[in-house]
Every structure is written in C-alpha cells, then in structure tokens.
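Peer 1: Just so it is clear: in the sequence shown, position 4 is 134 by my numbering, and no numbers are missing.
Source of the hints: derived by calculation from the structure; they are not laboratory data. Please note that a few of the clues may not be correct.
Claimed, not checked - With a cut-off of at most 27 Å between alpha-carbon atoms, the simulated DSS-like pairs for lysine-lysine come out as follows:
| id | residue 1 | residue 2 |
| --- | --- | --- |
| 1 | K177 | K150 |
| 2 | K146 | K177 |
| 3 | K177 | K213 |
To be verified - Computed spacing ranges between beta-carbons, pair by pair:
| id | residue 1 | residue 2 | range |
| --- | --- | --- | --- |
| 4 | V206 | R175 | 30 to 40 Å |
| 5 | R199 | P155 | 17 to 27 Å |
| 6 | K153 | K177 | 20 to 30 Å |
| 7 | N166 | T194 | 19 to 29 Å |
| 8 | V206 | V152 | 23 to 33 Å |
| 9 | Y192 | P168 | 40 to 50 Å |
| 10 | P210 | K153 | 21 to 31 Å |
Where is the CB? At the ideal position from N, CA and C, for every residue including glycine.
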Amino acid sequence: MTQSSNSTSMSYETIKVLAKQVKRPVNELIALSPQNDPFYVGTERDKSLGAWFRDLWHEFGYSTGVHIRRMHYAIVSQNPPVKFPNGNHTKTRWSVGGSLVTLLSPLVTSSM
Numbered sequence: 131m132t133q134s135s136n137s138t139s140m141s142y143e144t145i146k147v148l149a150k151q152v153k154r155p156v157n158e159l160i161a162l163s164p165q166n167d168p169f170y171v172g173t174e175r176d177k178s179l180g181a182w183f184r185d186l187w188h189e190f191g192y193s194t195g196v197h198i199r200r201m202h203y204a205i206v207s208q209n210p211p212v213k214f215p216n217g218n219h220t221k222t223r224w225s226v227g228g229s230l231v232t233l234l235s236p237l238v239t240s241s242m
C-alpha cells in the first residue's frame, strides 16, 4: 500500500492542527502517551533533547554505523557524569534514553 501524493505525514504540528480542527484532545488522536508516541515529536523538550543528543554524538566522534547501546554506555560512563539539558544526571535518569531513541531519531538524524 502506498501513500497518496497529497497526504500529509503525521507530526507534532499536524496532530495539533488536526486536534483543533476536529475539536478533540490530542490524547484521542494518538496511540501512545504524548511523550512516547513517535508521531507526536517536535515539542520544545524534544528539540532540546535532540540537540543535546546530537551534540554528544559529535563530541564522541561518532558518524554512521554506531549502535545506540554504544552511545548509551559512552554517556553513562563519563566522569563527571553527563547532565541532561534540565540539569539531571544521566546516571540517575537514563529512563529518558529509551524515549530519546524512539522519539528523537528523526530530529537527530536529520541534523547530523
């Protein structure tokens, strides 16, 4: 099955617009919670985390062909510990890491 050429891909912006058009809350238009739905990517928090991840990627000297687990180990093994943009230490809050991979891959890879 192919998409028609006039269809719009789903993103944070298009979902917000659709919610307004159909007068329904966003949560009724997405399958997962807003912080976990791969189509609901593009909030300021997402962009901040994506830029943080991209900067670390470059700082570690990675390019293509690097498994995400390698990046994870590089981040959590730093001394002093790497901090998220909000100031939390990655060693105590890596649960965000999974959502980074799922949600931010499009944001990160498009700017690498």
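Peer 1: Against this structure, judge whether each hint is valid.
Peer 2: Results for each hint:
| no. | hint | verdict |
| --- | --- | --- |
| 1 | K177 x K150 | 23 Å, holds |
| 2 | K146 x K177 | 16 Å, holds |
| 3 | K177 x K213 | 16 Å, holds |
| 4 | V206 x R175: 30 to 40 Å | 21 Å, violated |
| 5 | R199 x P155: 17 to 27 Å | 36 Å, violated |
| 6 | K153 x K177: 20 to 30 Å | 27 Å, holds |
| 7 | N166 x T194: 19 to 29 Å | 26 Å, holds |
| 8 | V206 x V152: 23 to 33 Å | 42 Å, violated |
| 9 | Y192 x P168: 40 to 50 Å | 22 Å, violated |
| 10 | P210 x K153: 21 to 31 Å | 49 Å, violated |
Hints 4, 5, 8, 9 and 10 from the earlier list are contradicted by this structure; the remaining hints agree with it.
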